[in-house]
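Colleague: Top to bottom, those sequences are chains R and Y. If you're matching positions, the first sequence starts at 11 in this note's numbering and goes up one per residue. If you're matching positions, the second sequence starts at 105 in this note's numbering and goes up one per residue.
FYI, nobody ran anything at the bench for these hints, they're computed from the structure. Errors might be hidden in some of the hints.
Unchecked claim - Mimicking BS3-like on lysine-lysine, the simulated pairs with C-alpha atoms at most 30 Å apart in a straight line are:
{"#": "1", "chain 1": "Y", "residue 1": "Lys158", "chain 2": "Y", "residue 2": "Lys198"}
{"#": "2", "chain 1": "R", "residue 1": "Lys67", "chain 2": "Y", "residue 2": "Lys129"}
{"#": "3", "chain 1": "Y", "residue 1": "Lys123", "chain 2": "Y", "residue 2": "Lys158"}
{"#": "4", "chain 1": "R", "residue 1": "Lys45", "chain 2": "Y", "residue 2": "Lys198"}
{"#": "5", "chain 1": "R", "residue 1": "Lys48", "chain 2": "Y", "residue 2": "Lys223"}
{"#": "6", "chain 1": "Y", "residue 1": "Lys129", "chain 2": "Y", "residue 2": "Lys198"}
{"#": "7", "chain 1": "Y", "residue 1": "Lys198", "chain 2": "R", "residue 2": "Lys170"}
{"#": "8", "chain 1": "Y", "residue 1": "Lys158", "chain 2": "R", "residue 2": "Lys59"}
{"#": "9", "chain 1": "Y", "residue 1": "Lys223", "chain 2": "R", "residue 2": "Lys59"}
{"#": "10", "chain 1": "R", "residue 1": "Lys20", "chain 2": "R", "residue 2": "Lys45"}
{"#": "11", "chain 1": "R", "residue 1": "Lys48", "chain 2": "R", "residue 2": "Lys20"}
{"#": "12", "chain 1": "R", "residue 1": "Lys20", "chain 2": "Y", "residue 2": "Lys223"}
{"#": "13", "chain 1": "R", "residue 1": "Lys95", "chain 2": "R", "residue 2": "Lys170"}
{"#": "14", "chain 1": "R", "residue 1": "Lys106", "chain 2": "R", "residue 2": "Lys170"}
{"#": "15", "chain 1": "Y", "residue 1": "Lys223", "chain 2": "Y", "residue 2": "Lys129"}
{"#": "16", "chain 1": "R", "residue 1": "Lys272", "chain 2": "R", "residue 2": "Lys326"}
{"#": "17", "chain 1": "Y", "residue 1": "Lys223", "chain 2": "R", "residue 2": "Lys45"}
{"#": "18", "chain 1": "Y", "residue 1": "Lys223", "chain 2": "Y", "residue 2": "Lys198"}
{"#": "19", "chain 1": "R", "residue 1": "Lys59", "chain 2": "R", "residue 2": "Lys45"}
{"#": "20", "chain 1": "Y", "residue 1": "Lys158", "chain 2": "R", "residue 2": "Lys67"}
{"#": "21", "chain 1": "Y", "residue 1": "Lys129", "chain 2": "R", "residue 2": "Lys59"}
{"#": "22", "chain 1": "R", "residue 1": "Lys48", "chain 2": "Y", "residue 2": "Lys123"}
{"#": "23", "chain 1": "R", "residue 1": "Lys95", "chain 2": "R", "residue 2": "Lys106"}
{"#": "24", "chain 1": "Y", "residue 1": "Lys123", "chain 2": "Y", "residue 2": "Lys223"}
{"#": "25", "chain 1": "Y", "residue 1": "Lys158", "chain 2": "Y", "residue 2": "Lys129"}
Listed here are the chains, written in short residue letters.
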Amino acid sequence: MADAVTPSWKQDIDRLLVGEADNASLRAALIQLQKDYKRQTRQLNRLIKLADANANKLSASNMRLDNLSRNLARFVPQPVADGLKLGSQPHLQQVKRAELTMFFSDIVGFTSMSERLEPEQMAKLMGSYFNEMTTICNRWGGTLDQFIGDAIVIFFGDPKSEGPHNDAVHAVKMALEMQQRLVTLRDQWAADGSDLAIHVRMGLSTGFCSVGNFGSTARLHYTALGNVVNEAARLQAQCPVDSILIAEDTYRRIRDRVTCRKGARITLAGRRHPVQVFEPIADDTDSNHTGLISGYDDGFSLYLDCSKLVNNARVKSLLEIALATLGDHASNSSNPILKEPF
Amino acid sequence: MAELNLSATSRTPAVSLSKAASHLKIEGESYPEDVNGFYMPIMQAVDRYFADGKESLAVEIHLIYFNSSSARALTELLDSLEGHAANGASITFKWFCDHDDDITREFAEDTAMDMEHLKIIIADMTRDG
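Excised from the complex, chain R in its bound form:
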């Protein structure tokens, strides 16, 4: 910026440069120059100090925003938290069509359980249950839609998607891990002296949905809507206790990677025609990677953990006897374990 007023020392220096200044005015000019230099240095220091203070203030504000963002994501799905950070209305109200795998779970006998427990006991039990299930959901990359009472709604395919097949596989493997974890948790609760045990039904379905932030301008909820959502809920309602039922569309996407048992054709509430359902029973990937093979059917139960075997010959002999005993009966099974394409 231009100097508003030309200092007197500058006029003296100008005179000096053209040979008009005497020693006294030169000395005065140098004193003034030194004074102004010190003043400029003080100004510079003030500006640096101000810049640092503003940077610290900004850093503190950013830290508060980060904390707020982290806490926000505990209450609302990540896409909603992200939308709030961006702050744009169109982004917040975005809804799109996407292929999702929906998951519904519900605790068996929750009403009678809640009648037997004090509110504090119920809160502690449910807190532990939800925490365990949420941890597994997050590990598999699911989007926790909501808790409805004791029910959990999760979907795979938005906002993060690894493709419809992988999304479906992750959803089913998550459900398998949840059921396995519940077996352990029931043992722990029993060991802690609780006579209550949580048993859960789970249902999954895959297909196209509308997903995004639904609601009014005043209140939004990130969720999925569509027939698939209803189907997953109804499959859950008809699922045997401690089991998982999946729809045919889900089965088609996971059949190469998860062992399933073909179930019955059942009529879901509100549906005119019966649908074929399947029950996932083992994660094939786990078996390949860890030497663990598990499976069961009517009249059959197998649990083989190669890492723990101490007498291979004995186990091999037992399996050979089992195969020999099975004989022709194996091909006549009315409820086969399905590994072949449907």
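Got chain R sorted already, so can you dock chain Y onto it with the hints?
Modeller: Relative to chain R, chain Y alone:
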């Protein structure tokens, strides 16, 4: 013309220089994209104000936030006013700071101590400015 009226934007303060009222007021937040482009006309208007023969001016600063570039521009404005005061102009300068804004208050206090001819009065900013 020594008159100036700039409306506030999200990045720049409102500025009013009234020759009739002998009053300059800068109010709002200051972090312009083009600091020189914003503050240069203000400084030129102040210089024209005194060049037109005016001998007194009441200045009020109500800045909630200003960035370092704005602080540099304000420093130059203060130097200019200091020069006019040294030449005999009667200038009162009131710098209003938020009660809990230690950064601005400290900057204003340090600046005030550096002035020989211009007296800067630091005051608490009220809610209505």
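Colleague: All the hints need checking, so say for each whether the structure fits it.
Modeller: The hints, checked one at a time:
no.	hint	result
1	Y:Lys158 - Y:Lys198	19 Å, holds
2	R:Lys67 - Y:Lys129	26 Å, holds
3	Y:Lys123 - Y:Lys158	8 Å, holds
4	R:Lys45 - Y:Lys198	26 Å, holds
5	R:Lys48 - Y:Lys223	20 Å, holds
6	Y:Lys129 - Y:Lys198	10 Å, holds
7	Y:Lys198 - R:Lys170	56 Å, violated
8	Y:Lys158 - R:Lys59	35 Å, violated
9	Y:Lys223 - R:Lys59	22 Å, holds
10	R:Lys20 - R:Lys45	13 Å, holds
11	R:Lys48 - R:Lys20	16 Å, holds
12	R:Lys20 - Y:Lys223	25 Å, holds
13	R:Lys95 - R:Lys170	18 Å, holds
14	R:Lys106 - R:Lys170	13 Å, holds
15	Y:Lys223 - Y:Lys129	16 Å, holds
16	R:Lys272 - R:Lys326	28 Å, holds
17	Y:Lys223 - R:Lys45	19 Å, holds
18	Y:Lys223 - Y:Lys198	9 Å, holds
19	R:Lys59 - R:Lys45	21 Å, holds
20	Y:Lys158 - R:Lys67	41 Å, violated
21	Y:Lys129 - R:Lys59	25 Å, holds
22	R:Lys48 - Y:Lys123	35 Å, violated
23	R:Lys95 - R:Lys106	20 Å, holds
24	Y:Lys123 - Y:Lys223	21 Å, holds
25	Y:Lys158 - Y:Lys129	17 Å, holds
Checked against the numbered hints given earlier, the structure breaks hints 7, 8, 20, 22 and satisfies all the rest.
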